[in-house]
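Q: Next come the chains, spelled out residue by residue.
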Amino acid sequence: MRALEVGEAALLLEFEDGEETRAFHAELLRRRAAGALPPVREIVPAARTVLLDGVADPGRLAVEAARWEVPPLDPREGPVVEVPVRYDGPDLAEVAALWGVAPGEVGRVHAGVEYRVAFCGFAPGFGYLTGLPERYAVPRRATPRTAVPAGSVALAGPYTGVYPRASPGGWQLIGTTDAVLWDTAREPAALLTPGSRVRFTEEGV
Amino acid sequence: MRDRAFAVVRAGALTTVQDRGRFGHAHLGVPRSGALDPYAVALVNRLVGNDGGAAVLETTLTGCAVRPRCAVTVAVGGAPCPVTVDGRPAPWGAAVRVEAGAVLEVGTAVRGVRSYVAFAGGVAADPVLGSRSTDLLSGLGPAPLVDGAVLPLGAAPPPDAPHYEGAPWRGVPDEVVLRVRFGPRDDWFTAGALRTLTTSTYVVSAASNRVGLRLEGPPLERARAGELPSEGMVLGAVQVPPDGHPVVFLADHPTTGGYPVVCVVREPDLAAAAQAAPGARVRFVRGR
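As you go down the protein sequences, you meet chains A and B in turn.
Per my numbering, residue 1 is the first one in the first sequence, and the count goes up by one each step.
Per my numbering, residue 206 is the first one in the second sequence, and the count goes up by one each step.
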């Protein structure tokens, strides 16, 4: 782990890989729930870092955090969210070609994996989901779409994501879900929160 | 009509509802948002007897005009601008009584960018995730004002609430100096680029908004190629996209981002940054 101070009141903890990042993020949440973490306003996990923002003494926390024993993440730990999907996206054929499978097979492959929400960003409730094996990584579209409909299930790089609301976007669209990804009247507002496990289920057409 | 509300007569270029912002949801991709000049907001709220967390209007360059449906005490502060009530001059930076049906006109900023209008009782738009702030990046909170819209006001503070007279305001200097701390990704830039950053004068671009203050000037050269995996972003982060032109992140900034952050501006300096109009000069100094 490497600790980088960010401004006067934040700390960026950097890790070797996503797995280690996830495990440390879980440890931070455990310690905060147990009252064993100094007050912190935001804990923001990302690809290989966790940002702690609104910390009184980032330098001191960095020294303390370096001494923690962090258990590896149990793959069965955390709530499971099921997201039903119709695999009918406009980029299905393109993704099938990149994967070397028939278009009808994309859904089977995609729904056959258990995912974990690595981090959120881009828009409220947009989760970056990891779990898809590396050989299924796909590039972003050369030209982003100006409007991607809400509920679009999409792929980019090693990640899977679902657009919580209509927005521009450059990810490859493989399907659609009616699941409500973001609802400010709900607690938490996001269906997919960092650390959650996610299963996509293939809906019949 | 005597209900506690006001109608928007002229929305101006961009007028939004703002309070202290939306905290604790960054991990879900929710920006903090909130007023860009919190010191001006604290002052106008005090002038009308409000708690500092009351929601106000934030205008952008061209002000706005509103017609309260009830008699209400207001105060206009932030970027200095002409203020009138039913066409008659009224003071800026002081409590002003506006009768029901009268039009409060907040004119174009003489200096700076963002003026603030506090109403006694605050703007009582529905809070979202604990805040009434309009978040332009993700569309949370009340929509930006449009002509004809009607917004509710909160209950007036008790008459014995602490009363303040106008306080001095330092105004927007010709050249904004921002204190920064290098990192977390200063090692992605050449030593020459870091020198350039702290010795050059940058100019505020017209493309600036509540998300970021975009700056034009000598580009910052990278010491490393390649892409940085997305990481959490803080208020005041100075992100440098591939074109080398720094962007200072303001309240509606994305919570994660993939361009390296060369340095972070100290939070107390960001109000002046947000009041720097297009064309204003900005300098970065390594701050204590």
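Hint data in this document are derived by calculation from the structure and do not stem from the laboratory.
It is possible that some hints are incorrect.
Here are the computed distance ranges between Cβ atoms for each label pair [unchecked claim]:
| no. | chain 1 | residue 1 | chain 2 | residue 2 | range |
| --- | --- | --- | --- | --- | --- |
| 1 | B | 432 | A | 113 | 47 to 53 Å |
| 2 | A | 105 | B | 214 | 58 to 64 Å |
| 3 | B | 448 | A | 105 | 51 to 57 Å |
| 4 | A | 20 | B | 431 | 16 to 22 Å |
| 5 | A | 41 | B | 354 | 53 to 59 Å |
| 6 | A | 82 | B | 448 | 39 to 45 Å |
| 7 | B | 400 | A | 82 | 53 to 59 Å |
Every residue gets a Cβ at the ideal spot worked out from N, C-alpha and C, and that includes glycine.
Q: Are the hints correct? Go through all of them and say.
A: Now the hints, each set against the structure:
no., hint, verdict
1, B/432 to A/113: 47 to 53 Å, "25 Å, violated"
2, A/105 to B/214: 58 to 64 Å, "60 Å, holds"
3, B/448 to A/105: 51 to 57 Å, "41 Å, violated"
4, A/20 to B/431: 16 to 22 Å, "21 Å, holds"
5, A/41 to B/354: 53 to 59 Å, "32 Å, violated"
6, A/82 to B/448: 39 to 45 Å, "43 Å, holds"
7, B/400 to A/82: 53 to 59 Å, "54 Å, holds"
The structure shown violates the earlier hints numbered 1, 3 and 5.
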